[in-house]
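A.B. asks: Protein sequences appear in the order of chains A and B. Just so you know, the first sequence maps onto residues 1 to 148 in the numbering used here. Just so you know, the second sequence maps onto residues 1 to 508 in the numbering used here.
Everything labelled a hint here was simulated from the structure, so no lab data went into it. Hints are supplied without guarantee of correctness; some may be wrong.
As the list claims (entries may be wrong) - Computed cross-link-like contacts, DSS-like style, restricted to lysine-lysine with a CA-CA straight-line distance of at most 30 Å:
1) B:K119 x A:K62
2) A:K62 x A:K13
3) A:K62 x B:K34
4) B:K119 x B:K34
5) B:K34 x B:K117
6) B:K117 x A:K62
The residues making up each chain are set out below.
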Amino acid sequence: MMSPHVILRVVAKVLIPLIIVYGFYVHFHGEYSPGGGFQAGVVLASAIILYALIFGLDEARKVFPPYWARVGMALGGFIYASVGFVSLIMGGKFLEYTVFHPDVAHGTGQHIGIIAVEVGVLTTVTCVMIAIFYAFAGRTPEISDEDW
Amino acid sequence: MTVGQFLPAALAAHAPVLLVAIPLILSAPAAALKSGRAAWAIALAASVAAFLFAIELFLATRGDAPAISYALGNWAPPIGIEFRVDGLNAALLMLLSASAILALLFALPSVEDEIEKDKRALFYSAFLVVLAGLAGVATTGDAFNLFVFLEISSIPTYALIAMGAGHDRRALTSSFNYLVMGTIGATFFVIGVGFLYMSTGTLNMADMAVQLVELRGNRVVEIGFAFILVGLGLKAALFPLHLWLPGAYAYAPSFVTVFLAATATKVAFYAIIRFSFDVFSVGNGFVLNSFTYVITPLAIAGMIIASAQALFQSDVRRLLAYSSVAQVGYMMLGLGIGTQAGVSAGVLHLINHAMIKGALFMALGAFAISYGVRRIENFKGLGQALPVSSAAFTVGALSLIGVPFTVGFVSKFYLIQAALQKGWAFAVVAILISSVLAVFYCYRVLVNLWVAPRPDGASRPVQRVPYMILAPLLVLALMNLVFGVNAEPIVNMAETAAAAAFNAGVAP
Chain A
1 MMSPHVILRV
11 VAKVLIPLII
21 VYGFYVHFHG
31 EYSPGGGFQA
41 GVVLASAIIL
51 YALIFGLDEA
61 RKVFPPYWAR
71 VGMALGGFIY
81 ASVGFVSLIM
91 GGKFLEYTVF
101 HPDVAHGTGQ
111 HIGIIAVEVG
121 VLTTVTCVMI
131 AIFYAFAGRT
141 PEISDEDW
Chain B
1 MTVGQFLPAA
11 LAAHAPVLLV
21 AIPLILSAPA
31 AALKSGRAAW
41 AIALAASVAA
51 FLFAIELFLA
61 TRGDAPAISY
71 ALGNWAPPIG
81 IEFRVDGLNA
91 ALLMLLSASA
101 ILALLFALPS
111 VEDEIEKDKR
121 ALFYSAFLVV
131 LAGLAGVATT
141 GDAFNLFVFL
151 EISSIPTYAL
161 IAMGAGHDRR
171 ALTSSFNYLV
181 MGTIGATFFV
191 IGVGFLYMST
201 GTLNMADMAV
211 QLVELRGNRV
221 VEIGFAFILV
231 GLGLKAALFP
241 LHLWLPGAYA
251 YAPSFVTVFL
261 AATATKVAFY
271 AIIRFSFDVF
281 SVGNGFVLNS
291 FTYVITPLAI
301 AGMIIASAQA
311 LFQSDVRRLL
321 AYSSVAQVGY
331 MMLGLGIGTQ
341 AGVSAGVLHL
351 INHAMIKGAL
361 FMALGAFAIS
371 YGVRRIENFK
381 GLGQALPVSS
391 AAFTVGALSL
401 IGVPFTVGFV
411 SKFYLIQAAL
421 QKGWAFAVVA
431 ILISSVLAVF
441 YCYRVLVNLW
451 VAPRPDGASR
461 PVQRVPYMIL
471 APLLVLALMN
481 LVFGVNAEPI
491 VNMAETAAAA
501 AFNAGVAP
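In isolation and in its complexed conformation, chain A is listed as follows (with noise of 0.2 Å):
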């Protein structure tokens, strides 16, 4: 059947890829300017989140299986937690940054530490938004409006 959104479809497409590149753009900059792995995160979200609203519920759960949003949300808290127990086995404290690289003068440490909990957030924060999204999206009423 030939879907009367022609024109939205098209506009997604193109937009959807930039979407998601400047999601990545926002995490990766978070240190030097405002943005960081939770705004990153609600911009990768929202990539996901247009394409179910422009193709369907069901086309989005093919591209993003509701049973990755769940590994995701814990996968991104186990990736931040554990940057604090690779710094335990490294002989730092519980997320103590420096312990990462030798270059303590310039907190090169610091950076690699930041980035990686970041990526962590970043995980936790998309596929929370996408899976809030698909509880609400996929919600089967439990008494049809008939049955009142």
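Chain A is fixed; fit chain B onto it per the hints.
C.D. replies: Here is chain B on its own, set in the frame of chain A:
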């Protein structure tokens, strides 16, 4: 004792943070799993690890050993976030992790009975986050960090309570009620912390304590204290801020009720002690007055009114929930007395009440799983059908009343002693009235359990109680008796805790 007596030194040096971080990180794999049993095993492993670290911290802070400070990320304390463990929170951490282990043993059969299959892994994952959050509240030495951990523990708690909806849809409204009230409580707490930050310029509790000595009589600080007390009082279910508790305890899954009754309000209660006697101190006239003229009357009102309300409940879990509100009154009365003996009695009752209510709610879980009943009139004749669980329930009930040779007696004894030292005869009268009411509401259950004959018709078959439930239940019931006869270990624990709360307040 120094660090590294019990665990290898490399682990012991990081014990304060690992105690919180291990349950937190393990909650992630538990959530990603599909099998409830595997998630349960992970949860148990995390709780056992937490318990080992708690023992280590407890041994390291016994007597007058200095507090253990751990700087997160190696940022030095007044500015960076600090985890700080002394005799007060070490005792709480022991209680918390031991309750988690016992509750988890109980959980395996109980959760399989009550929770849908595909939700079990998430259920255990949420439990681990609650455990990490509560442990975080108990270890952190940073006022704002405490708020964060309070929220970390609260949000999955709401979800856990709502999971009781499979059995009883009222769990949803109870959970929502708790969500609204809990959020208000947390907001009040954070507003109070904001006031303190505004006037002291620090969020570190030890540093704040030093600054606050000079700010005595400052109205902003006093308002901050009031906000903190109300916020934490809501979380601790201090009468009349307890309205969320009966519903939450009555409709949550049995396992959640067992764990929450033993720990959640206790941790909020700990935070009240920490703020009132360590960050602030009773030397501050405003703090002492608010305890004497606000907390004490409320505590006494709670002890009597909530006990009276318990008399009229037909659902046994609601009955015990109202009794919990009354027991919080006892603990608060200990604080209201405002002396070291009073705080010690409060902490003692905190530990004892965890054992009492843990045993009682677990016994109710055993009845629910084997017979599927919760209302008092359905308990008729269950004593003969399930003698062991009923005996454990009876021990818990006697301990709740405060019969000699149970822990309930020990804590009431110390509480009365502390009240008499202060010359508060009215407090003693209130304790006795509340105890008499406890006799009546326990009698209602026990008489149905043991004396009333089993109704002939319509009796459902009684299944055997699984050993996984009987074992932790018996351990808790025996603890009620053992520590009731030989109270020295827990009394020492409580006295060390109270001493830590009082001495830390006058530090440098």
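A.B. asks: Determine for every hint whether it applies to the structure shown.
C.D. replies: Hints, verified against the model:
Restraint check: the Cα-Cα separation between K119 of chain B and K62 of chain A comes to about 23 Å, which is no more than 30 Å; the hinted pair holds. Of the pairs offered as hints, the one joining K62 of chain A and K13 of chain A holds, with about 16 Å between alpha carbons and a cut-off of 30 Å not exceeded. Distance check on the hinted pair: K62 of chain A and K34 of chain B sit about 20 Å apart at the alpha-carbon level, within 30 Å; holds. Our distance criterion of 30 Å between C-alpha atoms is met by K119 of chain B and K34 of chain B, whose separation comes to about 9 Å.
Simply put, K34 of chain B and K117 of chain B have alpha-carbon atoms about 9 Å apart, close enough for the 30 Å limit, and the pair holds. Taking the CA atoms of K117 of chain B and K62 of chain A, the gap is about 24 Å. The hint holds against a cut of 30 Å.
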